[in-house]
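Visitor: Take the given structure of chain H and dock chain E to it, following the hints.
For the protein sequence lines, the chains are H and E, in the order given. Mind the numbering: the first sequence is residues 14 to 444 in my numbering, read in order. Mind the numbering: the second sequence is residues 432 to 873 in my numbering, read in order.
By construction, these hints were calculated from the structure, which means they are not laboratory data. Hints may contain errors.
Unchecked claim - Taking lysine-lysine and the DSSO-like style, the derived pairs with C-alpha atoms no more than 27 Å apart in a straight line are:
| no. | chain 1 | residue 1 | chain 2 | residue 2 |
| --- | --- | --- | --- | --- |
| 1 | H | Lys339 | E | Lys862 |
| 2 | H | Lys338 | E | Lys862 |
| 3 | H | Lys434 | H | Lys79 |
| 4 | H | Lys337 | E | Lys581 |
| 5 | H | Lys196 | H | Lys161 |
| 6 | E | Lys668 | H | Lys284 |
| 7 | H | Lys61 | H | Lys79 |
| 8 | H | Lys267 | H | Lys292 |
| 9 | H | Lys280 | E | Lys581 |
| 10 | E | Lys581 | H | Lys310 |
| 11 | H | Lys354 | H | Lys337 |
| 12 | H | Lys280 | E | Lys668 |
| 13 | H | Lys248 | E | Lys657 |
| 14 | H | Lys50 | H | Lys422 |
| 15 | H | Lys248 | E | Lys641 |
| 16 | E | Lys657 | H | Lys242 |
| 17 | H | Lys422 | H | Lys153 |
| 18 | E | Lys785 | E | Lys472 |
| 19 | H | Lys284 | H | Lys248 |
| 20 | E | Lys641 | E | Lys729 |
| 21 | E | Lys654 | H | Lys245 |
| 22 | H | Lys284 | E | Lys581 |
| 23 | E | Lys657 | E | Lys668 |
| 24 | E | Lys661 | H | Lys337 |
| 25 | H | Lys309 | H | Lys280 |
| 26 | H | Lys443 | H | Lys50 |
| 27 | H | Lys248 | E | Lys654 |
| 28 | H | Lys309 | H | Lys290 |
| 29 | H | Lys242 | E | Lys661 |
| 30 | H | Lys248 | E | Lys668 |
| 31 | E | Lys661 | H | Lys245 |
| 32 | E | Lys581 | H | Lys309 |
| 33 | H | Lys374 | H | Lys50 |
| 34 | H | Lys267 | E | Lys668 |
| 35 | H | Lys196 | H | Lys434 |
| 36 | E | Lys703 | E | Lys641 |
| 37 | H | Lys310 | H | Lys292 |
Stated by the list, open to error - Example chain E residues on the side facing chain H (calculated, C-beta under 7 Å, incomplete):
| no. | residue |
| --- | --- |
| 38 | Glu531 |
| 39 | Ala537 |
| 40 | Val539 |
Virtual Cβ for every residue (Gly too), placed ideally from N, Cα, C.
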Amino acid sequence: MNVRQYLHLFMVILCLFAFALGETADVGPTYAIRKAKIVPVSGPVIEKGSLIIRDGLIEAVGPVDKVAIPEDAEVIEAEGLIAYPGLISAHTNLLLEEPTPARTAETPPGPAELIMGGAVQAQAAQTADLMIFKQLKPKKTTLDGFLKVGFTTVLVAPNRGIFQGQSVVVNLNGEKAETMVVKNPLALHINFTTIRGGYPSSLMGTIAYIRQSFLDADHYANAQTLYAKNPKGMKRPEFDPFLETLLPYLRDKKPVVFQCNDLEDIKRALKIIDEFKLKAMLTHANEAWRAAAVLKKMPIPLLVTLDFRPPNGSMYVNQGEDLKKKAETEIYPANAANLVKEGLRFALTTFGLNDGSAALKNIQSAIKAGLPKEEALKALTIQPAQYLGLAQQLGSLEPGKIANVILTKGELFDEKTQVEKVFVDGILWKF
Amino acid sequence: MNKTIRNLLTSAVVLALAPLPVFSSGGNLLIKNGTILTVTKGVIAKGDILVLNGIIRQVGQDIQAPAGVQVIDATGKYVIPGIIDSHTHIALDGTNEGSEAITPEADVGEVVNADDTAILTALSGGVTMVHTMHGSANPIGGPNVVLKMKWGRPSEELIVHEALRTLKFALGENVKQSSRTITVGGPPPRYPQTRMGTNAIIRRELLKAKVYMEEWDRYNKLKASKTPPKNLLPPGKDLRMEVLSDLLRGKMVARCHDYQATEALEFIGLAKEFGFKVQAFEHAWEAYKIAAELAAAKIGISVFADSWAYKMEAAEGIAYDAGYCAKKGVLVSINSDSGERIRRLFNEASKTMKYGGLNETEALSLVTINPAIQLGVDRIVGSLEVGKQADIAIFNEHPMSSYTRCDMTIIDGDVYFDRGQYLKEREEAAKQAQAPKKGGRP
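Same shape as in the complex, but just chain H (with noise of 0.2 Å):
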């Protein structure tokens, strides 16, 4: 051969060495899950089925006999199983680094506070322009502790502040922040807490301070719109990145999610959102019961938490220990329960708890309060699926979805239950 011939043959091979690796790059492995109960939460239950996992999705899911076992798959014999779809918290505030301590009154302070003339550091109120995405620090640690009970989907919220920035969504499959995200951004999160040492230290002043950066939004987005159709003559608009930020939650109805401490700040959202005719959903909600009647008034997206300590004013908390602990393990823990009863929809999150399996504790103390065993997975599914605007890739075992899904030995749920298996994006998980 001379060199061209061996030129060629070299680009025929690295041609097909690219190809090759480009498949094998993009392209998940298949599993085919085999003589599993299957429990696809959008379905009937199957007793005996087999669930096909291809390249990360769900490609099929039926009775042993229907589904066809492709030669390429691995099979899991699945016997004594069952199948669901892998849970999803549609609010937590994992993966992040641990905050920074806030400074206490005996930490003295840094220098350049000195300079400025003694001023306490103030907290920012909003920090709205946020994308928690780029704060996410996957550790497998985490990831483990709510995989082991089933979690395979989060909402990760930013955590400071009043206007707190933009969530995201992931799966967890892995370390890499770009290959877990599910959606980007996912909502505008407004919390109605106080800003220590600077404005607004109240509540009533928080309040006040939402609805007049809604109201600076809507004027802001007025002058736009004013100066886009005739700048001729026009002083134009200064641009301010705050309000820019709140755009597309006040004009194009992107979610905005508020997080509601408890049964008065329901009532204060809800003024709020229809105010200013926002799209938005309430989280931590542990107290939603209790506001079953407005909330039956104005139907609203619930992502109501597992976390039953009673909110810090909350007259359970000022009465002394014993009250404060029949709150947390029998009054609290109903509110889902007391929700089912009033008939109001509403998904479960892990919010303000930090592993799996106090998650998961709560979720059985949830269930013995009340809360039928089918509601509690429907609203760790296919409810938050549809809230987040993902009922067409998650929450449920079909086929298309994407292919998280979990193998566990009992029922879920259960207190001896064991999750033998889990599949993040149709890859399974080593713990």
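Guide: Leaving out everything else, chain E in the frame of chain H:
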């Protein structure tokens, strides 16, 4: 705390969480055979009050109960209008927006907390209505709210929409932060730090509000004109300025925290200059020095009875303040400013009989009809008259007696506090607490 007592309290609260009122009469009641202190229409011995649908329908003697109307026997007892607290801070999530000096956008009506157990405390002292206020940390604080003490009802049902809209102002030591120690690394001192600064900043903000109003007027005029400019943009809505505009347009009245006579006079000057109404001065320990001016300007006062000299600017307070001013024609109310004193406002009012020589009815007026007038709700409450809302308290002795106590508190014809019932519940709770627990846990 003693464990039994704690259990007892705990149980009381748990019981209290049950749907209240204590008993709902559907707003229909007949109170029989009490000594009725109407406050505005004299005293009726062995009198009856008929309440239908929450409204007082008859006040007199020998009224027969219509079928199905519950009868409350008040033999030997005193029936008075529900007590009204003209100045308190209970039932709120937060009192002050203290971060800035001027915060009229911070409305306490947005943070009503119907779970505050101080509501129960108030009921136990015959209080049916409160004016719960923004704190006194700012020269211009925020709007206040008037609430009925309907324990167990959702927060929105507590709000009295008929009341005047009031805006909290404050002068003196609190505002200039004289009790604050400035530390290295601590927050910097906030302007104003003097009384003259306080007056100046209020004037400055009111001037701003005038400019804001003019801006809107100009816009509205242009918009309504036959050929509005192409690039006409409405001014930005500013909640802070909106509230001040409402004050300047007479849609709100000022309630001003004040101790010293001089700054009160200065504030009256500001009100004249800008044309807004001062409804009352709060605390007003030196009101006796300017009683004639207050009476002439039709400005009321809402004060403590006899607890002066707890700080420098209260040094010249006197126990005769309330009584003296009342006699000089100033509209006086006695307030609690506290979630504890609120249950003995009747005691506080009675002190004006000793200090100031008011008679029983005059003294009782200070916590009933007078605060009702100050809050603009005297058409609906504040006295026992036909057509008014049935907010009623029943005392075992004359309410101006030192030996009296409140036995029952009624709002809109529903019983929200019944001493007998509570004592029974307490006894039962104590019994439960002492009974051996199942499972052998101590």
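Visitor: Take the hints in turn and mark each one as holding or not.
Guide: Structure-based check of all given hints:
no. : hint                   : verdict
1   : Lys339(H) to Lys862(E) : holds, 19 Å
2   : Lys338(H) to Lys862(E) : holds, 21 Å
3   : Lys434(H) to Lys79(H)  : holds, 23 Å
4   : Lys337(H) to Lys581(E) : holds, 24 Å
5   : Lys196(H) to Lys161(H) : holds, 23 Å
6   : Lys668(E) to Lys284(H) : holds, 18 Å
7   : Lys61(H) to Lys79(H)   : holds, 11 Å
8   : Lys267(H) to Lys292(H) : holds, 6 Å
9   : Lys280(H) to Lys581(E) : holds, 18 Å
10  : Lys581(E) to Lys310(H) : holds, 23 Å
11  : Lys354(H) to Lys337(H) : holds, 24 Å
12  : Lys280(H) to Lys668(E) : holds, 23 Å
13  : Lys248(H) to Lys657(E) : holds, 24 Å
14  : Lys50(H) to Lys422(H)  : holds, 10 Å
15  : Lys248(H) to Lys641(E) : holds, 25 Å
16  : Lys657(E) to Lys242(H) : holds, 22 Å
17  : Lys422(H) to Lys153(H) : holds, 23 Å
18  : Lys785(E) to Lys472(E) : holds, 24 Å
19  : Lys284(H) to Lys248(H) : violated, 35 Å
20  : Lys641(E) to Lys729(E) : holds, 25 Å
21  : Lys654(E) to Lys245(H) : holds, 20 Å
22  : Lys284(H) to Lys581(E) : holds, 22 Å
23  : Lys657(E) to Lys668(E) : holds, 24 Å
24  : Lys661(E) to Lys337(H) : violated, 62 Å
25  : Lys309(H) to Lys280(H) : holds, 12 Å
26  : Lys443(H) to Lys50(H)  : holds, 22 Å
27  : Lys248(H) to Lys654(E) : holds, 19 Å
28  : Lys309(H) to Lys290(H) : holds, 18 Å
29  : Lys242(H) to Lys661(E) : holds, 10 Å
30  : Lys248(H) to Lys668(E) : holds, 19 Å
31  : Lys661(E) to Lys245(H) : holds, 11 Å
32  : Lys581(E) to Lys309(H) : holds, 23 Å
33  : Lys374(H) to Lys50(H)  : holds, 24 Å
34  : Lys267(H) to Lys668(E) : holds, 23 Å
35  : Lys196(H) to Lys434(H) : holds, 25 Å
36  : Lys703(E) to Lys641(E) : holds, 15 Å
37  : Lys310(H) to Lys292(H) : holds, 16 Å
38  : Glu531                 : holds, 5 Å
39  : Ala537                 : holds, 4 Å
40  : Val539                 : holds, 6 Å
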